[in-house]
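S.K.: Take a look at the letters that make up each chain.
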Amino acid sequence: MTMNVAARRFANALVLHASGRLDQDTCEAFRTDLTGHVDTAVRDRAALVLDLSDLEYVSSAGLRCLLIASRQMKAAKGRISVAQMQPMVAEIFEISHFDMLFDVYPTVPEALAAVSADAAAAYSTR
Amino acid sequence: MSLRVRFWGTRGSIGVALTSADIRDKLAQALLQASGRMFASYEEAHAYATAELDFSITHTFGGHTPCVELEPGSDEYFVCDMGSGARPLGVHVLAKQAKKPATVNVFMSHVHWDHIMGFPFFGPAYVPGTKIRIHGCHDVLEHAFRLQQAAPCFPVDFSQLAADVEFVQLEPGKAYDVSGVTVKPHLQLHSGDSYGYRFEKNGRVVVYTTDSEHKLEDRHEAESFANFFRDADLVIFDAMYALAEAISVKADWGHSSNIVGVELCQMARAKHLMLFHHEPANDDETLEGLLKEARRFEELTRGDHALKVSAAYDGLEVDL
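Line by line, the protein sequences are chains A and B.
For the first sequence, position 5 matches number 5 in my numbering, and the numbering has no gaps at all.
In my numbering, each residue carries its 1-based index in the second sequence increased by 126.
In short, the hints are calculated from the structure, not lab data.
Keep in mind the model is a prediction, meaning the values are calculated, not measured.
Here a beta-carbon is modelled for each residue, glycine too, at the ideal position from N, C-alpha and C.
Hints may be right or wrong, so weigh each one.
What the hints assert, rightly or not - In the EDC-like style, the derived pairs of lysine to aspartate or glutamate whose C-alpha atoms are separated by at most 16 Å in a straight line are:
(1) Lys418(B) to Glu91(A)
(2) Lys341(B) to Asp303(B)
(3) Lys341(B) to Asp103(A)
(4) Lys152(B) to Asp409(B)
(5) Lys257(B) to Asp201(B)
(6) Lys418(B) to Glu94(A)
(7) Lys397(B) to Glu326(B)
(8) Lys341(B) to Asp25(A)
(9) Lys74(A) to Asp25(A)
(10) Lys77(A) to Asp103(A)
(11) Lys222(B) to Asp201(B)
(12) Lys310(B) to Glu292(B)
Claimed, not checked - Between beta-carbon pairs, the in silico distance windows are:
(13) Trp239(B) to Ala75(A): 33 to 43 Å
(14) Val282(B) to Ala75(A): 50 to 60 Å
(15) Ser19(A) to Ala407(B): 34 to 44 Å
(16) Pro87(A) to Ala154(B): 28 to 38 Å
(17) Glu443(B) to Pro87(A): 33 to 43 Å
(18) Met100(A) to Glu297(B): 39 to 49 Å
Hey, can you work out the whole structure from these sequences and the hints?
M.R.: Here's what the structure looks like:
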């Protein structure tokens, strides 16, 4: 099983679309990928939005990867949020109390609107 | 022959007790939920409380620090850790022995205070003829037990104990036969190291694994613990925190979470996970919430193997 991450830029926001299963088998490669995108976001002073609409599952090892990215962003005074989780992933976020560590939005447009009007507008005209 | 496990102390770090305000709150909630009902007898009210009310209203998870007894059907006693739960255990042993000296085999996860503080109050230690064998993998084992009873910390010096106390050094990864029970220690991640124990007797397996932090993205570590827990009938697991807490503000504090307990037990195909070493700041409602969340996580992630999930409380007995 693999994890895929695709990045798209919308004004001052970088949206990462993650798909697949984020678990012990995939977390190492995902973490490497994510770190690169975090570096880009920090360099460009862009907010990071994780679009988890196609993430099927996340384990504790996967959640730790997300937490590491969040720490990196927060250390650089950056902003990270998660959006559009499938019901099972959203429930795992709640059960593990990760909803207290991240800004969680029902949809990507809502996450982008919280970043800036420009980011939301850029997304709506994609 | 069955194996019984009895929990004398289940709280981590420091003992806690219900306050009068806590008890009033539980009573008020029970009365509210029973509003309008009539009970003709104590038994009827008791049955209602047992069947209808939440555990956190009718019970408490208790406040003694770690002490767990294994009853493998032998004349000797088997005990994991000597937290403050060792005091009521001592009362139980004295009553059961009816003045006959006991032989007690103790297995120490480590020597942090909450795991040794009950020993000076363990009644059988003051009975001549009693044999107490304290097993562990730390080279400071004996020093720690003697130190906590040295002046000015305690009025009775260790040398004044009437029992014959022997310290037995074990090596992690090696299996030992202790009076018919196979015991295997396993190194764990905790400040100053800690050790879990796998007990096997007549095909029944109990794993006692407390004060242990896990980082499951490390495949080697995850597999090592899955093998240690493999097919266990019961895994008594350090679930001090929720996952977010365990890996954020309390990372590297040497404890684990309910979620990681479920994941490791699923990997090991263990049968029953017992959440243990409860955070002293958590009230009964919070602990019940963590149990419900662990059960839901197990349900969401279940493959072809169902795992039973419970939370330990002082006084709980489990027959395997």
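S.K.: Each of the hints needs a verdict: does it hold here or not?
M.R.: Hint by hint, here is what the structure shows:
With a C-alpha separation of about 13 Å, the suggested pairing of Lys418(B) with Glu91(A) holds against the 16 Å cut-off. With a C-alpha separation of about 31 Å, the suggested pair Lys341(B) and Asp303(B) falls outside the 16 Å cut-off, and the hint is violated. This hinted pair does not check out: Lys341(B) and Asp103(A) have alpha carbons roughly 24 Å apart, beyond 16 Å. Pair hint Lys152(B) plus Asp409(B) holds up; C-alpha atoms about 12 Å apart against a cutoff of 16 Å.
The straight-line distance between the Cα atoms of Lys257(B) and Asp201(B) is roughly 12 Å, inside the 16 Å bound, and the hint therefore holds. For the hint pairing Lys418(B) with Glu94(A), the CA-to-CA distance comes to about 12 Å; that is within 16 Å, so the pair holds. Taking the CA atoms of Lys397(B) and Glu326(B), the gap is about 15 Å. The hint holds against a cut of 16 Å. With a C-alpha separation of about 14 Å, the suggested pair Lys341(B) and Asp25(A) falls inside the 16 Å cut-off, and the hint holds.
For the given pair, Lys74(A) sits about 27 Å from Asp25(A) by alpha-carbon distance, which is inconsistent with the 16 Å threshold. Restraint check for Lys77(A) and Asp103(A): satisfied, since their Cα atoms lie roughly 15 Å apart, inside the 16 Å limit. As the CA atoms of Lys222(B) and Asp201(B) are separated by approximately 11 Å, the hinted pair is consistent with the 16 Å bound. At most 16 Å may separate the alpha-carbon atoms for a hinted pair to count; Lys310(B) and Glu292(B) exceed this at roughly 19 Å.
For Trp239(B) and Ala75(A), the Cβ-Cβ distance of about 35 Å falls inside the hinted range of 33 to 43 Å, so the restraint holds. Distance hint for Val282(B) and Ala75(A): a CB-CB separation of about 52 Å, consistent with the stated range 50 to 60 Å. For Ser19(A) and Ala407(B), the hinted distance range of 34 to 44 Å is satisfied, since their beta carbons lie about 39 Å from each other. At roughly 36 Å, the beta carbons of Pro87(A) and Ala154(B) sit within the given window of 28 to 38 Å.
Under the hint 33 to 43 Å, the C-beta atoms of Glu443(B) and Pro87(A), about 38 Å apart, fit the expected range. Met100(A) and Glu297(B) have their C-beta atoms about 42 Å apart, which keeps the hinted 39 to 49 Å range intact.
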